[in-house]
Amino acid sequence: MIHLYLLATLLTGFIGFRDAAGRNTKIRKRRYYVECLLRALGLGQAVLCVLMFLAIICRIDLDVIQLIAERSLPIYLSYTGLVLCTFIPYAIPNWEIKSVVTVLVFGPLTLLQPVVIIAGAGYSIYPYWDRVLEVFFVLLGTLFCLCFEYILDKLQWSYRAASLSKAEE
Amino acid sequence: MSKWERPEISDLILQYEPDTGHRIPVLQQDALEQCRSSYARSVIRSIPLQDGHLCPEAVDQLLVTAHGELQRLWEEFFHGPRVAKVLTALVGSLRGIGVERSLRVVDIGCGSGYLLRWLSAHGVLEGDVSWVGVDFNRALIEQARALAETEQLSVTFKVANAFKLEEPVDIFVSSGVMHHFRGAALERFFEAQAACEPLAFAHFDPQSSWATPLGSFLFHFSRMRTPLARYDGWLSAARAHSGVVLEQAARSGCAELSLLRYHPPISWFPLARTLTGIIGVKASAAELFYLQLDEPLRKVER
Chain G
1 MIHLYLLATL LTGFIGFRDA AGRNTKIRKR RYYVECLLRA LGLGQAVLCV
51 LMFLAIICRI DLDVIQLIAE RSLPIYLSYT GLVLCTFIPY AIPNWEIKSV
101 VTVLVFGPLT LLQPVVIIAG AGYSIYPYWD RVLEVFFVLL GTLFCLCFEY
151 ILDKLQWSYR AASLSKAEE
Chain D
1 MSKWERPEIS DLILQYEPDT GHRIPVLQQD ALEQCRSSYA RSVIRSIPLQ
51 DGHLCPEAVD QLLVTAHGEL QRLWEEFFHG PRVAKVLTAL VGSLRGIGVE
101 RSLRVVDIGC GSGYLLRWLS AHGVLEGDVS WVGVDFNRAL IEQARALAET
151 EQLSVTFKVA NAFKLEEPVD IFVSSGVMHH FRGAALERFF EAQAACEPLA
201 FAHFDPQSSW ATPLGSFLFH FSRMRTPLAR YDGWLSAARA HSGVVLEQAA
251 RSGCAELSLL RYHPPISWFP LARTLTGIIG VKASAAELFY LQLDEPLRKV
301 ER
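Residue numbers (this note's numbering), protein chains in the order written: chain G, 1 to 169; chain D, 1 to 302.
Pulled out of the complex, with its shape left as it was, chain G reads as follows (with noise of 0.2 Å):
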C-alpha cells in the first residue's frame, strides 16, 4: 500500500505543477511553482491522512485494501514509469527535441492520465465487488486523484501566488 501512497503524492506533485502552470506571466517564476508545488502536495497529504483516518474508524479491511492495491501496482507503475522515462529525452539539451517531447509525449500522457486512473480502479476492484465498504473506499480514492485538480483550480490558490507575486514585487 505504501507504494501507491507514494504513487498518489507524485501525482498531486504533477497536478500541483500543471494547477500552476499558465497563470503566472513573469518571467522569472520559479519561487512561485515551488511554492505552488508544496501547496498541491501539503493539500494531497491532508487529504490522504484523512482518507486513513475514515478507513481505521470505518474499520475497512486494510488487507483487501492492500490486495486491491497489489492489483492496481502493474497498471499504475507502469504507467508512472512512462511518464518518468520520457524525461530522458527531455533532458537532451536541444530545443527541438524538448518542444517535440512536449507535444508528443507530454501531451497525449497528460489526456490520457484520467483514463489510466478510472482503469487501474475498475481493474482492481473488479474481483472485490463483493467487499462494498473497500470498494467504496478505493473508489473515494480515485475521485480524489481525478478530481484533484479541478480542487486545486477551484482553490485558485496559484491564481491567486500568481496575483500576489506581482503585486509584491
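These aren't lab readings, by the way, just hints derived from the structure by calculation.
These figures come from a predicted structure and were not determined experimentally.
Just so you know, not all the hints are guaranteed correct.
[As the list claims (entries may be wrong)] Below, a list of computed lysine to any residue pairs in the SDA-like style, where the Cα atoms sit at most 25 Å apart: (1) G:Lys-26 <-> D:Leu-125; (2) G:Lys-29 <-> D:Val-132; (3) D:Lys-299 <-> D:Pro-81; (4) D:Lys-85 <-> G:Ile-97; (5) G:Lys-26 <-> D:Lys-299; (6) G:Lys-98 <-> D:His-263; (7) G:Lys-98 <-> G:Thr-86; (8) D:Lys-299 <-> D:Ala-286; (9) G:Lys-98 <-> D:Cys-254; (10) G:Lys-98 <-> D:Ala-58.
[Stated by the list, open to error] Non-contacting residues of chain G with respect to chain D, defined by C-beta distances greater than 10 Å in every case (computed): (11) Ala-21; (12) Ile-75; (13) Phe-87; (14) Thr-102.
Backbone N, C-alpha and C fix where the C-beta goes; we use that ideal spot for every residue, glycine too.
Assemble chain D onto chain G, guided by the hints.
Positioned in the frame of chain G, the structure of chain D alone reads:
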C-alpha cells in the same frame, strides 16, 4: 480553400482600423456569422454584450487571460533562447559590416510582451539594443508594461502600428503573427515592413506539416484552460503558412534583404520541428550571419 482556412476567435472578436489602429465595435451577430465552429461560437456567445456588441472590457479580459496561458507555448518551446540566438547572430553580423549605432528591435504584435521581457530579463544584447514591443490592443500592452515594471525590465511597449512608428526600426521580430495575415495581406505585411527599411527581420510561426493540426490539438487541449486559448492556439498552428507561401510573400515584399528559412522542415520527419522562421538580413551581412548561427538554415533563392 484549405479546411483550416477559418478565422480564429480573437480575429473575430477584436477588430481594428488598420490605418489608425482604432478599435471597431464588433456585433455579436457578425462574429457568429463568420464562425464555422460550434465550439468557437459558444465562446463568442459567452462574452457579455453591450447593445448587441461584444463588451470591449470583457473581450480584453478574455484576451489577457488567454495570452497568459498561451505564454506556456513559448516557454515550453524555448522560444526565448531560440530568438536570443538568432538576434545575437543578426546583431553580430550587422556589427561585422560596420553598423555601430545602438539598434532598435521591434516586436510586432507583441501581446503581453513575453519575448522581449524574456530577452531583457536574461540580459540578451544588453546595452547593444533597445527593445520595443508593439500591439494594437491596449489591455495587452498595459499588461506587458505592468509585468516589465514588476520585474524591472527595460522594455518599451506601445499601442501602435509597428510599421508607422516615429522612430526608425533596425530589426523587426514577431512570434505567431504571420499566420494572421492571409493571402495578399501577407505580401502587404512584408511590403509595409520593407518600407521601414529595416536592416534585418526574424519572424517565427508554427511549423506547417500534415502532423501540425494533431500536435497542436494535443498540446493546447491538454494544457490550456480557457476555451479561447485552446481553440485559437490549436487553429493558429493548424493554419500556419507552408514554407512555400512564406518564402513567396517574403520574396515579393522584401527585395532589399537576403532571405533565409530558419529550421526548414525535414520532409521525412515533419514531427521533428515545432516552429519555423523566415529571416531577412542586409545582403552584405547575410554570409556572416549564416556562418555565425549554428542552427538549421536554408538560403531562400530569389
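Contradicted hints - numbers only
5, 9, 10, 11 and 14
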